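A.B. asks: Here are the chains, one letter per residue:
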Amino acid sequence: MDYLKAFIVGGVICLIGQLLMDHTKLTPARILVSFVTIGAILQGLGLYQAIVDFGGAGATTPLTGFGYTLAKGAMKEIKEAGILGAFTGGTKAAAGGVAGAIFFGYVMAMLFNPKSKK
Amino acid sequence: MKTKMSSKQYEEYIKDKLPKPKSFRNCVAAFIVGGIICDVAQFISNTAKGYGYSQESVSSITAISMVFLGAFLTGIGVYDRIGKFAGAGSIVPITGFANSMVSPAMEFKREGFVFGVGAKMFVLAGPVLVYGISTSIVIGIIYYLFGK
Amino acid sequence: MAGKRLGKQTLRLSSPPSVISNATIVGPKEGEGPLAQYFDIILKDDYFGEDSWEKAESKMLKEAVKNAIKASGRSSTNINFMFAGDLLNQIVSSSFAARDLQIPFVGLYGACSTMAESMCMGSLLLDGRFAEAVVCATSSHFSSAERQYRFPLEQGVQRPPFAQWTVTGAGAAVLAEAGNGPYVTHLTIGKVLDFGIKDANNMGAAMAPAAVDTITAHLNETGRSPEYYDMIVTGDLGKVGKTITLDMMEKEGFEIQNVYDDCGYMIFDAEKQDTHAGGSGCGCSAVVLNGHIMKEMKKGNINRVLFVATGALLSPTTTWQGESIPSIAHAVAIENTIGEGI
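Chains as they are written, first to last, in my numbering: chain W, 1 to 118; chain D, 1001 to 1148; chain Z, 2001 to 2342.
Note that these hints are calculated values from the structure, not bench results. Be careful, since some hints might not be right.
As a list, the in silico DSBU-like pairs of lysine-lysine whose alpha-carbon atoms are at most 35 Å apart [unchecked claim]: (1) D/Lys1017 <-> Z/Lys2272; (2) D/Lys1017 <-> D/Lys1004; (3) W/Lys118 <-> Z/Lys2066; (4) Z/Lys2295 <-> Z/Lys2272; (5) Z/Lys2066 <-> Z/Lys2055; (6) Z/Lys2299 <-> W/Lys118; (7) W/Lys79 <-> W/Lys25; (8) D/Lys1084 <-> W/Lys118; (9) W/Lys118 <-> Z/Lys2008; (10) W/Lys117 <-> D/Lys1004; (11) D/Lys1120 <-> Z/Lys2251; (12) D/Lys1022 <-> W/Lys118; (13) D/Lys1109 <-> W/Lys25; (14) Z/Lys2004 <-> Z/Lys2295; (15) D/Lys1017 <-> Z/Lys2004; (16) W/Lys5 <-> W/Lys79; (17) D/Lys1004 <-> Z/Lys2044; (18) W/Lys118 <-> W/Lys25; (19) D/Lys1109 <-> Z/Lys2272; (20) Z/Lys2299 <-> Z/Lys2272; (21) W/Lys117 <-> W/Lys92; (22) D/Lys1008 <-> D/Lys1022; (23) W/Lys25 <-> Z/Lys2299; (24) Z/Lys2191 <-> Z/Lys2066; (25) D/Lys1002 <-> D/Lys1017; (26) Z/Lys2298 <-> Z/Lys2044; (27) Z/Lys2044 <-> Z/Lys2251; (28) W/Lys5 <-> D/Lys1109; (29) D/Lys1008 <-> Z/Lys2008; (30) Z/Lys2004 <-> W/Lys117; (31) D/Lys1002 <-> Z/Lys2070; (32) Z/Lys2066 <-> Z/Lys2251.
Restraint-style ranges between C-beta atoms, simulated for each label pair [said to hold, decoys possible]: (33) Z/Thr2318 <-> W/Ala95: 33 to 41 Å; (34) D/Ser1134 <-> Z/Asp2045: 25 to 33 Å; (35) D/Gly1118 <-> Z/Arg2099: 50 to 58 Å.
Computed from a predicted structure; not experimentally measured. Cβ atoms here follow ideal geometry from the backbone N, Cα and C, with glycine treated the same way.
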């Protein structure tokens, strides 16, 4: 059941992205940046948690989920560390993903060469 | 030439001459591929939970695994083919974030490891991190000042 | 001032130089297209034995120039000047090729209009008796252009249906004072026009007004009608730009559909090769002209052509700054016999 919910929620978020790509002048880069920001803001307002509770990975995998992780981490860390938490919390929560992206990105870039397009 | 058109007039004039994207097909493809990628993440998540990891660790494990997957598929030259078909379905998930880091890094290898690979990794990912982290900090500060 | 300038932009050459030889080198995709049989060399991959695409492109340009010179029967020391340009920053393909060729070199930037621009400059030197033989060349490369202007190749992106595919190709022509044609008889130097298109994926629409402006200037200033020519061909307007050009030319009072075609539209099979609106890049018009059109002229199937190469003069920086895309088109009239028309 949770696979179905994840599929639907994730699919819908990607669908919104596709509509923006096809019907506005937004480039993929700008869409990614908007989605991260919106995800963070929605969590700041306490709204994204409900989507995560329902959709699981369908809500956390899209880049809105990355924003959610950052905002949630900041808010959580504030409870424990005060204002300092605003700075440390987000990055702490997202540390695994970011470090992984950097490290694996480097490894793959070293191992592989870009292929010519057909 | 005799014809004079303002930018707005020209934009209007060419509108019906531009082929339109197959939006319905693109949306369906984006929905399906996005859904599948999320299900892969859900599977990893469930598996990690099954091993007894805490919720936070599960999040990190899932994120790291998905990033690895995106990076690997980019390296072997498959992710761009997925992207052509799926559009936002491959750009929006975190695997797309990994793709946006690995593809310029691979491409600019010829410019060396410092300014090529090292710097170019952040051409597209940089703005995501800048705006994501900054927004979370602002939210944090607001929460601290006004929070429940 | 009497004589060689007709109107504001068109020049009539009093000693029309001859195009005495041509050479083309293309990448694998172009070699699978409808004009494949006209290209001299079709590469198996787009690295051409080099370790970067930039080096590959420069090698393609150099080899095209060398082959054109060889086909002319002259040695490279008997070629007085080289006119060349390309799409890469600081036109490095051309400069680095010229480094190895050691011919006095004039680098040009006209984006995709460079083939016409180089032939204009070369023809003027020959007509003015400043040279006996010159070589005019240009190149483009899909991978090196995408890297500079758009996205890394492995990035998952969807290209809009009106986007074009940069041609991997290099074309060169040797022009000489003495020869039996085909002759370069008239040149029309273009003005930069900008009708406000900002989308770098929509080149055809951005460049069409410049093509229309140059073609109408040429026809008005020479007094020729479109039917004087067997072919009026634009460089790389693609399917969308072609449609716009036909329509705008009609608004200007010229019916060109019987003689009009576009190199970008001709070079790829849009259906089979998934190239959306067609080919683009300096190499596009260069290989179609130096391959297909010149061979057909030598056979006598085409006797008079107006070659109008179009260039989009943007840079990645101007795009990020929200600027629109200014464009230019230069026209070269090439005819098998002189003395007709003006």
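A.B. asks: Next, verify each hint and record whether it holds.
C.D. replies: Right, here's what the structure says about each hint:
1. D/Lys1017 <-> Z/Lys2272: holds (22 Å)
2. D/Lys1017 <-> D/Lys1004: Since the Cα atoms of D/Lys1017 and D/Lys1004 sit roughly 19 Å apart, the hinted pair holds (cutoff 35 Å).
3. W/Lys118 <-> Z/Lys2066: holds (28 Å)
4. Z/Lys2295 <-> Z/Lys2272: holds (25 Å)
5. Z/Lys2066 <-> Z/Lys2055: holds (16 Å)
6. Z/Lys2299 <-> W/Lys118: holds (33 Å)
7. W/Lys79 <-> W/Lys25: This hinted pair is violated, its Cα atoms lying about 41 Å apart.
8. D/Lys1084 <-> W/Lys118: Holds, because 13 Å separates the two Cα atoms, which is no more than 35 Å.
9. W/Lys118 <-> Z/Lys2008: Not OK: W/Lys118 and Z/Lys2008 at ~44 Å, beyond 35 Å, violated.
10. W/Lys117 <-> D/Lys1004: violated (40 Å)
11. D/Lys1120 <-> Z/Lys2251: violated (47 Å)
12. D/Lys1022 <-> W/Lys118: Holds, at roughly 22 Å.
13. D/Lys1109 <-> W/Lys25: Given that 35 Å is the threshold and the Cα spacing comes to 31 Å, the pair holds.
14. Z/Lys2004 <-> Z/Lys2295: Cα-Cα ~29 Å, so holds.
15. D/Lys1017 <-> Z/Lys2004: Violated. D/Lys1017 to Z/Lys2004 sits at ~39 Å, over the 35 Å cutoff.
16. W/Lys5 <-> W/Lys79: The hint holds at about 31 Å.
17. D/Lys1004 <-> Z/Lys2044: Answer violated: D/Lys1004 to Z/Lys2044 is near 46 Å, above 35 Å.
18. W/Lys118 <-> W/Lys25: This hinted pair holds, its Cα atoms lying about 27 Å apart.
19. D/Lys1109 <-> Z/Lys2272: Roughly 32 Å separates the two Cα atoms, so the pair holds.
20. Z/Lys2299 <-> Z/Lys2272: Distance of about 29 Å is within 35 Å: holds.
21. W/Lys117 <-> W/Lys92: violated (39 Å)
22. D/Lys1008 <-> D/Lys1022: holds (25 Å)
23. W/Lys25 <-> Z/Lys2299: violated (48 Å)
24. Z/Lys2191 <-> Z/Lys2066: holds (32 Å)
25. D/Lys1002 <-> D/Lys1017: holds (21 Å)
26. Z/Lys2298 <-> Z/Lys2044: holds (28 Å)
27. Z/Lys2044 <-> Z/Lys2251: Since the Cα atoms of Z/Lys2044 and Z/Lys2251 sit roughly 45 Å apart, the hinted pair is violated (cutoff 35 Å).
28. W/Lys5 <-> D/Lys1109: violated (41 Å)
29. D/Lys1008 <-> Z/Lys2008: holds (28 Å)
30. Z/Lys2004 <-> W/Lys117: The given pair, whose Cα atoms are some 47 Å apart, is violated under the 35 Å limit.
31. D/Lys1002 <-> Z/Lys2070: With a Cα-Cα distance of about 45 Å, the restraint between D/Lys1002 and Z/Lys2070 is violated, given a limit of 35 Å.
32. Z/Lys2066 <-> Z/Lys2251: It is violated: about 44 Å lies between the C-alpha atoms, which goes past 35 Å.
33. Z/Thr2318 <-> W/Ala95: 33 to 41 Å: holds (38 Å)
34. D/Ser1134 <-> Z/Asp2045: 25 to 33 Å: violated (44 Å)
35. D/Gly1118 <-> Z/Arg2099: 50 to 58 Å: Between D/Gly1118 and Z/Arg2099, where Cβ atoms are some 30 Å apart, the hint is violated.
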